[in-house]
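Asker: Starting from the two chains in their separate frames, assemble the complex, guided by the hints.
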Amino acid sequence: MSEGTMAVVKSEMKSYIWVQTADGSIQQVEEEVAMFCPVICQEVLQAGMGSSKNYAISLPQRVNPATLGLILDYCRFHQVFGHSNKERKTFDEKFVRLDTKKLCELTSAADSLQLRPLVDLTSRALARMIEGKTPEEIRETFNLPDDLTEEEKLEPLRNITDDPHIRLLNRLYARKRKELRERERLKNVEVEEEHIDKRSVDDLLLFINSGNGDSKGVRATRSKKKNRGRKDLPRESSSKNENGNHKKNDMPDNVTTPIITSILQDSASVTFSPKLEFDDGDIDDELDPAMKEELDREVEDFARRLNSVWPERMQEILSLGQERRFVPISITGTGSLKSYTVSIFLLPFAVTNDVSGSEE
Amino acid sequence: MRGAREMGLDSVGGLANHMIMAKLGPEGTGSLACVSRRFRDWADDDSLWSTFCADELHLLSPLDPLGNPMPTFKAAYQVWREAFGMYPWPLVTRVKRCWDRLKSWLVANFPEALATLRKGASEDKINKLENALQVNLPVPTRVLYRFCDGQALMSAEFSGHMLGNPLGLIGGYSFYDHEVNVYLLPLSQIVRETKKIARRMGFNSRSEYIVMANSSTNSAKIFILNCANGQLYVGTQNFARDGGLIPCVPNELINLRPDSERMRQQDAMLLWLEEHGSRLHDGIIKLREEGNIRSINLFPEQAPHCTAAMTNGVKVRASAVLAPEFSDLNDGSAKYMFSYSIRMSLLPEGCIINGLSFASCQLYWRHLFFHANDDLISDVEGEAVIGKFPLLHQGEAEFVYESCTPLTSSSGSVEGSFTFVPGR
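Sequence order for the protein chains is A and B. Heads up: the first sequence is residues 1 to 360, going by full-length UniProt numbering. Heads up: the second sequence is residues 1 to 424, going by full-length UniProt numbering.
No lab work stands behind these hints, which were simulated from the structure alone. Please note that the accuracy of each hint is not assured.
As the list claims (entries may be wrong) - List of simulated lysine to any residue pairs, SDA-like, C-alpha gap at most 25 Å:
| # | chain 1 | residue 1 | chain 2 | residue 2 |
| --- | --- | --- | --- | --- |
| 1 | A | Lys102 | B | Ala22 |
| 2 | B | Lys23 | A | Arg116 |
| 3 | A | Lys133 | A | Asp146 |
| 4 | B | Lys286 | B | Ala308 |
| 5 | B | Lys23 | B | Val79 |
| 6 | A | Lys133 | B | Pro88 |
| 7 | A | Lys102 | B | Pro88 |
| 8 | A | Lys101 | B | Gly8 |
| 9 | B | Lys23 | A | Glu140 |
| 10 | B | Lys23 | A | Ala127 |
| 11 | A | Lys101 | B | Gly25 |
| 12 | A | Lys133 | B | Gly8 |
| 13 | A | Lys101 | B | Val79 |
Chain B extracted, bound-state conformation (with noise of 0.2 Å):
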């Protein structure tokens, strides 16, 4: 064997130990603590353990999946291990990041929608979907709802009621009549709405297409997920007559394949609920208060998707958003529906005109144009908005109206100009 006084991996000390183990991460100090006794008794440093599951699970105290307290960080470690090993880790740890991200979200500005986040479902409850309705689940899929089995909305309050229930993670918008608030559905209920639609739409029964949210209002704005390919859909105007479906997410950042060095595993769900969570974090989307009524609205509130423009203590925002369960591929001139969203405001300063400064100021007049690509296709004038003269006081809150315009194009502009009359 070796000479007593030899030195080896075994006897470089104790800072070394942990540095070693530090950065060889938890599978290599696992590997590292089936080698001898010594090293076991030194992988059992919880502090070595505490910082594994802070940065891989940002957790701060030893906690299981479900949130139950564990003796020891190590001890946290190998039951998420063992929770989640049929699994590839890192998908693990990035779905994990992603409901962190919007729960931490939802904890800061939006706690009545965080209550309703169902906790995780089982490898059992998911599999039973999959029998259900006959389908494979795209791998990114299930292990989101391994964390968080949809929402719990109490729909008997508000089903039926155009307003729907506002605390939809996804969020919406309303125009003129037409309310959107979307929620993630929990397992039992895409087993629902999926039969529900395939006998509607006389979907096949090996149909690969399942219902994953909702619009909780009357109006109907479905998302659906095709688990063949990973990609996630958003039902258009004709959706109910002809399957009409509109992609929400690029088709070349969906990676099924569990193996490719090109590209990581992700689906469109997570993709998409990711890039949710980056905008409520940047603040692109945020949360609107309509009397006593909080819901996340999807009309971008920052540059660049989101414009201003101040003329003499007048401010005037404005933003977009389509508006897809509005929109038909099929009709020539209304193909795409946007929806916009103009917020006005008086600086505290007031309106000032000539040196002389107003406190209030009252619309009267609207022109706007609207271009599909870089073609006009209208050009509206006329008194007041959606039938309303809203009179701004300096330095109160926002006046917000929304409308809409169909343009031939999924691109496009709105641009123009309000006139104000001045007042005390």
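With the rest of the complex left out, here is chain A (with noise of 0.2 Å):
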């Protein structure tokens, strides 16, 4: 009896707030969780809403009632006072474990209700998630659409790599990129989206022959001298992208190598590894001998001041780069070239060709 009393007092004592979600639901909160968001105190101190299901709050859109249910908990725990700075951070741990999906909706919605505390408690578990991935990784984990341009994507950061090794030869690498695109401009070819299969051989070598000049032999060479691949630490991803994403008018260069290098091996007798097809070394044999000669250059000195260190570094690169494999360029009927995320050692120039020929 004295019970049903003391329930029947204790909700006239609290007050609450009537809100409805996007999806046209209506629910009554507690009024001190609820004022704790701001939109929300702003629509009952302003515009009086809220006191009635008939004046219920219109929540924003981007406020889904599972999430508003997330949000109240985060509010109802914060809004009291008594709790310790431990604690707080405690349960804020704890309420941020959340599946991406989850987290997102949380974000956005905390966004939306300009919730400034929890906004930044789950940019800061997203930033988490975010943190070391190469921006592949970070498409895959949120489930994000892939629009940029290959051409965008070498922008605007591709410098921003914390391996100074890394970094000389992506400028390196940033360089010739420019380079190939003067190339490209001044001869004015325009792809043609077809079938690699539908090509002769021919066609592709007069194609290539006609602005390499004498660099063919240099190709194989220099593949070979370089060795290179791609240290595939997360924190690379830009360099990552610069590399492992080309234009499409890169194509045919890159689908046609194994047949030409199958070509080059018999004339040239040189050993030229066909797993290295997707070497971005492909792209530098386009340019003409004295660039090359600079970068040769500037590569051994780089090679000659990285010796020391090198080893050990070798060693890291090896063991990470067991785990990665190579995913091949696939065209679609219509003969665009999806991206393709390419994991390729950056090795040094150093290291002797065995070590190259592991790096698969």
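Answerer: This is the structure we're talking about:
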């Protein structure tokens, strides 16, 4: 009896605010909890809304009922003054242990409700998830579309890596890319979007020879000398993109490499590992000899300076690299080149061939 | 793909975006920007880059490494990363901080010396030096010189003059007729001086030693960097004869390995300049004005390395400095030469004795004890100090004198008393 009276008294002392989520469902929320949200607070105080079912506050579209529940849990906990900082911290840590989808929804909802402390908390959690991942990995984790052109992916911050070795090589790459683009522009070649297997080898050779001149023989030796791959640590994301994603124009060169290299092998009798077909070394071979000389010099110089540090690094790189796999280029029916992820080692020039052979 | 109403990372809202990118930092934001068009657009928010520029580079306006204005902070940040891409970024920001600290002190206290700091050397110039001297500079020193290529002192004005050039960044001291003022050599001078020393001392061509700093005065005080181990040394008295050197930085602090987890990559030059900047900022060493000439003085001005005592209104402060160029580690008794600086002044209240106040007083007698470690090695007393009987007036600037003493050990002390005669 008395309990029932107590219950009645209790509910009369608490006041509720009515809110409506985008899907139309209406629910009541304890006032002190709801007022923790600036948007709700504003609606109540300024617009006088929320006092009854008919005047329920319409919450922003990004707040669905499930997320609202989470947000209210957060508010309910934090609006109590009694909790110590440690308690709040523990609560927060547990609170953001959600899958990526829920976490994004929660962040979005908190953002729309302008609940700054929660946005801060969830942003930090999301940042932790994003940290250290390559763009491709980020897309995978969060199920995001890939709508940048290959060109745009090379921009704008490709040099933001931590590894000075990688960085210098990136700069060499960047320069080569620029060179390549200039040459392409000068040649004004429009690449037909055909299936590669429809082209004849001769056509391709002609196309490539027209631009390369004598650099054909250089190609194999350069790739061999460079033995390049990409050290695929998470942080080198931008550099990875730069070299992993080629422009459409590059496609024929890349895909035809195996054909050409086999020809070269016969004629020049150069050992050229066909597995390097995805290697960016292909791109470089379109440079003129003068540029190549200069870059070779820079590379030699760099090699000299790296020599003392490299052997230990090699172990690192190799152990990391074992987990990586190649993803081949796929060509869709329309002939457009889908972006592909290539894990290549970026190997130094001081390393001998047997190391490079094991890079796959 | 995803449902239309699905909310993913790209629809978390503006505030959240900004927070995420701010927490990711420039590298993470760069990766995120390569994910899709939306992220690329968000990453274009220049307020984000202005924060990154401020945090990492202390840039308050978008400038490139040479000080030229850039259109956006994002562009500025990119230019910086590209210009220093060959070095570990944390080392670059650390070196920038080091130079910024030195320069900010100079701006506030010694602008004429700031004007002598040359702009950074290019990679090309540094490589040329390495070729010319057949050395590989430690990486931190390379970065230091990318930011500032030593000092341009108008040597014609002061060369050969005993006083040298007072604008040396490292500064110096003087006692009796020995004056020292050390400045950082620009790369071109490093090559010249190193070759000179090598010839004179018969170093073979593969020597790892290069001259980094010199005294512009007659007195030879020379700082030499060993490119192999990254340590900086100062020449002792028998440097010219036997190549005597004393290391300047504790060996255990030097780490030339870029990948060490234990310690950051740092060589003696970086540590030395960082320490110098700290001492200047903390006021441990200050600017000294003698006549009209201002210079950085290496006698400590603050406790604990500067002590003070006061009796009856007479205040005496004292501190000491090692003069390695006069130390000879092979000499038994004169192993370490220390110079000490005594400052005397009379407080504004005057000299108060038995309730009477005197407006001035004059030095009459000194009595000093010198200890090497804890052993008394010398007990001197006599009238005057360096032949002078300084007259102190109440509230006036300090009278300063310097003298020196050789010690057998690298640590010691001087204590004593000065006797003054009060006057009107």
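Asker: If a hint holds in the structure, say so; if it does not, say that too.
Answerer: Comparing the hints with the structure gives:
1. Lys102/A <-> Ala22/B: Answer holds: lysine 102/A to alanine 22/B is near 22 Å, not above 25 Å.
2. Lys23/B <-> Arg116/A: holds, 15 Å
3. Lys133/A <-> Asp146/A: Given pair lysine 133/A, aspartate 146/A holds - Cα atoms ~15 Å apart, limit 25 Å.
4. Lys286/B <-> Ala308/B: holds, 17 Å
5. Lys23/B <-> Val79/B: The given pair, whose Cα atoms are some 22 Å apart, holds under the 25 Å limit.
6. Lys133/A <-> Pro88/B: Holds, at roughly 19 Å.
7. Lys102/A <-> Pro88/B: violated, 37 Å
8. Lys101/A <-> Gly8/B: holds, 6 Å
9. Lys23/B <-> Glu140/A: holds, 21 Å
10. Lys23/B <-> Ala127/A: holds, 6 Å
11. Lys101/A <-> Gly25/B: It holds: about 23 Å lies between the C-alpha atoms, which stays within 25 Å.
12. Lys133/A <-> Gly8/B: holds, 17 Å
13. Lys101/A <-> Val79/B: violated, 36 Å
In terms of the numbered hints stated before, the structure departs from hints 7 and 13, listed from lowest to highest.
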